[in-house]
Structure formats: structure tokens, C-alpha cells
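Which chain is which? The protein sequence lines are A and B, in order.
If you read the first sequence in the numbering used here, its first letter stands for residue 145, the second for the next number, and so on.
If you read the second sequence in the numbering used here, its first letter stands for residue 2, the second for the next number, and so on.
Treat the hints with care, since some could be wrong.
To be verified - Restraint ranges, calculated between C-beta atoms of paired labels, are given here:
no., chain 1, residue 1, chain 2, residue 2, range
1, B, THR120, A, PRO255, 17 to 25 angstroms
2, A, LEU211, B, ARG42, 37 to 45 angstroms
3, B, MET161, A, SER227, 54 to 62 angstroms
It should be emphasised that the hints constitute simulated quantities derived from the structure, not laboratory data.
The C-beta atom is built at its ideal place from N, Cα and C for all residues, glycine as well.
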Amino acid sequence: MIAMDETDISFFKDGLRLDGRKADELRPVKIEVGVLARADGSCYIEMGGNKVIAAVYGPREVHPRHLQEVTRAIVRYRYNMASFSVEERKRPGPDRRSYELSKVSREALEPVILTNFFPRSVIDVFVEVLQADAGTRTAGINAAAVALADAGIPMKSMISSCAAGKVADTIVLDPMKEEDNFGQADLPIAMTPSGEITLMQMDGGLTPDEFRQAVELAMKGARDIYELQKQALVKKYNQMAEPGKMEVHACD
Amino acid sequence: MDRKVVVPGDLLSEEAKRSGEGTYIRNGSVYSLLYGLANFRDKINVIPLAGKYVPGPGDNVIGVVKDITFSNWIVDINSPYDGLLHISEFPKRIESADMSKYLHIGSSIMARVKDVDPTMKVELTLNDRKLGLIRVGRVVDISHTRVPRLIGKGGSMISMLKKELNCSIFVGQNGRIWVHGGAKDTDLALKTITLIEKEAHTSGLTDRVVAYLKREKGARS
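Kindly produce the complete structure, drawing on both the sequences and the hints.
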């Protein structure tokens, strides 16, 4: 993975992480619902330094035609990083990494969407990473789940996503960029609030014990994020119910 | 009436028999399928705040002809699925070659959904006196989720509007509303409909609309 001398940088100071968090603490999360007027559903999320916007269109007619399924809706998920989202300019356009993330993120959300309600149609999810700081796929999935709900798409439950990692032989929640780059492992998961895991990936190495510990920690983080997703949706409704606030969240 | 904002997956009840629209049952409990307002009555229904119109048999809709084939008009009905109006569903017998003389591309029609098959082939009909080509009046788009509010309980809201505004109104379940009347009445009708759409989820709406109409009409005279 990484040369030994780089792992030597100290990840902890007085038991706290580089940004002052405890090992089992999330970065600050901000969620806003219905930020795009043209989309059927949308969501903007900030998880620490990550800034991600998700837009949902559909169910709508499938183009190209041959992709359509007679008995159910198909789900398309496009994860894309803006060229300015990282320190060194990223070459724009899809690459190996974004194809993979699009696929696993789609598969993380598909199990809860009732696709059989909308035969011969497509639900398009677009996730744009505006600023990246480790954990963009989890931020993207969180935003996409909220945007799907905002679009009025029937789902069995929400999906929440969070990562755990290992740095300096310690399991930490929601690694930030430094911990992700120079850490020993990264383990993102996505799950339903009842604990059914729909995405799990791992980079680096963990012992079976560490693995169990990391999964547990990531699940705890995801549950916390679920509460925030819910709050954001309820807040949008309350703002809508308050006349005069409509302009801020144009939703049709 | 007990109402609550819910998100997909929220537990609504532990009695499976109370499962209504917008809910599902798992392990004998009722959960929400949608982000919306849950109404707790005998049955629990969740009313979505957004979403696309999915046609059902018997729905009145307003559509726009977007293509003509050998024996069908293809009609955009503001839904993921196009409507098909067969030549035999036109009120009088016409020849295939003359189809565009009666309804051409861009024509707006008031139609009824005759049948929807499992692959979502939507068949429309014009065989009713109140259906047909729209020649006069105006059409306004609202979200189809607000249509029940515009109609009101047992049609209370819409019949009040027709009476108070002295307009003909045709409500499409797909969220398109046709209004025809005097120019000022139509203007006020469209404003009122937009107001209803905006405040659809508030209670005591009919009373407020009545007050609004009274005010607007008072300002006019």
C-alpha cells in the first residue's frame, strides 16, 4: 500500500484525530432537499469536506429503447467527479473508478426501490461530486437516497451509507482524506435502517476482529446519518407548508 | 384527523390490516413506501408530495397529440407512459387517411383512460359527451398529487369553484386542468388553482379558498 515512513505521521494527538474528532465520531453533516428546480427530486449534502449534489429524474421513458425492461423500471446511476473537486485537476469524464462506483452505488439503492411499480421506464440518478475529501461514494449514496424520496419514488426504506477505516492500528469512523490516503484500511458500507447491508467494499487489510469492529462502527455511523436524512426531509415539508417559503425551495 | 410526515420505511402500525395506499406490509407490520403525509384512519394511507402520474382505468386526462400512426393517435398524458387513442375510439367513424383532419399533432384533448395493460399500454377513449378536442379555454399544469385536493371530498372543492367562478372546469387526473369562462373569471380560476396546489397539504383549505375568492371578487367590483 503505502511506504512505511508515510504511515509514521501521527494520526492522533491527545487521543483526538487530526481534525479534532474522536475515533467514533462523524464529520459534520449538512443535508438540503429539493435544491434543483428541474429535477424530479434532488439533494445537496456536505459530509465534512465532501460536497455532493444528487438529482433524480423519472420514472420516465427509456432511451435508448433496447434497455427497457417489460416488467420493471431500470435504475441508472451516474457518479461523476467535477474536474475541480480534487487538489490536482481531475481529467473530466467517466473513468474506471467512476464506472465502478456508479455500479456499486446503483446496486446499493436498487434493492429498496419498487421498480415493478413502473414497468418499461427508467429512474435516472445523477451524482455530482463538487468537492472531494474521502468518502464521496457514501455521501453520494446518502444524497441519492434522499433525492429518490424527494422525487416521490416508492421505496421499502431509506439507504444510509458510511465508512470506517483503520489508521495507526485504530478503527475510526468516517475517515477523512489524510486518514484515507495514508491509513491501513477503508471500509464503506450502505444499509437500510434495519441493518440490511446493500454495499460493502474494503480497501487495505483488517483482521477478522478488526473487520467486525469496523462494520459495527460504520453501521452506527450510517444510523446517525439516517436520522439526519429523515430530519432533512421533514424540514423540507415544514418549509413547504409554511406559505411564502416556497421560493427558496422551488420543487415543481 | 391524525397526520404525520413520514419517509420510506417508517413504521406506521403493527396491525397489517390497516395497510392502505402508499404502504406495505412486512412481518405483519405496516411501513411507508413513500415520503409524504400519512393519514391515520381505519386504514393508513400515505399521500406522496411528488411523483409521476401513472394512468389507471377510468381516469380523466388531458393530453396532447404528439404523433399519428396508421390507426392510433399517440398522446402525451404527462406521464412516463404515452396514451394511445385508437381511431375506433373517436366519436364518429373516420378514415385512417383523415385522422389528422380531426386531431393533428399539437391538438389538446380531454380523454378517458379506457384500459391499461400490465406492460403499461394505455388505451384512451373520446367516446363520451364531455370528452373531445379542446377548442377554447386554457389548460394549467399542476402536480397530479394535488388533484384530489382540488376536487375535494366528494367533489366539494371543485363544485364550489365552478359555481363561484362561473367557469367550466375539467380536471385531468394527470394534473392538467382545463378552464373556460369569461377572461377575468378564468384568470381568477387559474390563480385559485395555483393557490390550491401550493397549499394542498394545509387543513381547512376549502374555507380559505372561499375567503380568498370573496376577497378577490370584492377587489374587482
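**Asked** Checking against the hints above, which ones are violated?
**Response** Violated: none.
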